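Colleague: Hey, can you work out the whole structure from these sequences and the hints?
Those letters in the sequence shown? Residues 20 to 298, by our numbering.
Be a bit skeptical, because a hint or two may be false.
Derived DEER-like restraints, expressed as beta-carbon distance ranges [claimed, not checked]:
no.	residue 1	residue 2	range
1	Glu260	Lys122	27 to 37 angstroms
2	Glu83	Arg214	26 to 36 angstroms
3	Gly269	Asp65	49 to 59 angstroms
4	Phe155	Arg216	24 to 34 angstroms
What the hints contain is simulated information worked out from the structure, not anything from laboratory work. Computed from a prediction, not measured in an experiment: that's the story for all the values here. Cβ coordinates follow ideal geometry from the N, Cα and C atoms, glycine included.
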Amino acid sequence: MEKLFLDERIIEYFKENKNRVQENLLSEAVNVRDKINDILRVGDIDLINNAHSLIKNIIEGNDEELDLFAKQEGIAWATHSLTLAFKLEWVQAIRRTVWAFIKEMNDLEDYWNMEDFFEIEKLLNNRIDNFLNAFFINYSTYKDALILSQRKVVENLSVPIIPITPSICILPLIGSVDTYRTAILEEKVLTEIGRLRIQTLIIDLSGIAEMENDVIEHLMKTLYGTAMMGCQTIITGLRPEVVRQMIRLGMMFDKDTKTYGTLQQALNEYLNIGEITLK
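Modeller: Structural data, given as structure tokens:
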């Protein structure tokens, strides 16, 4: 039955009707469709392309990709505090759209008997439900960790290093950063790299509006220290004001430090989630 569900005819039918699938999806997601551009702007989350990717993985039964995709999406939505009701409506609209086109396909050719059709229904909905469950678990887990870390920042000037895989961690910096806090940052980062054996540290600076010159210099030294410990550092969310300061100071990251415009872009790369669309 698994083989039947992954029949190439289903995949080809969705490819051939990609534009109609998108139109149907937008008609189903009444509250979300007017927020698509806002979500793209705020969180760098392309709901349309993500929907095509999700549909493709559901149809093909790519369970590992679905799980990774749910993790990436959960972290991204938690990071930007996006409305969960929109995500739920969007996924349910995807569910209804997929079923509408499978039914349409069967009406045209009468591919399956009732027993097979109900088996397909079970497989399909289980995959969508598993995706939703994984999304909400990762959203909740990361959101709780982020809130706890931010509370520690306020109370103890802590440095919130949040593991997202055994070897990858995120350091989201928010609020003001002075020389005292950068000293704590250097000590905590180097200690945690050794303790957790971090191989990749993503430092998100989207919550930092400005930094003094000596703070920038201290940050650069910290990055050099992480490299000495064998940890690759990824910088995301640099504000234009901070970039201009670095240019005026004649500073630049070394060749091993990668930068991304948003945390979402780094997650796409380092959680191995590519943009998969039906062509």
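Colleague: It remains to establish, for every hint, whether it holds in the given structure.
Modeller: These are the hints, each one checked on the structure:
Roughly 54 angstroms separates the CB atoms of glutamate 260 and lysine 122, a value that falls outside the hinted 27 to 37 angstroms. A hinted range of 26 to 36 angstroms for the beta carbons of glutamate 83 and arginine 214 is consistent with their spacing of about 29 angstroms. Glycine 269 and aspartate 65 have their C-beta atoms about 36 angstroms apart, which leaves the hinted 49 to 59 angstroms range violated. Between phenylalanine 155 and arginine 216 the beta carbons are some 29 angstroms apart, a value that agrees with the proposed interval 24 to 34 angstroms.
Of the numbered hints stated above, those contradicted by the structure are hints 1 and 3, listed in ascending order.
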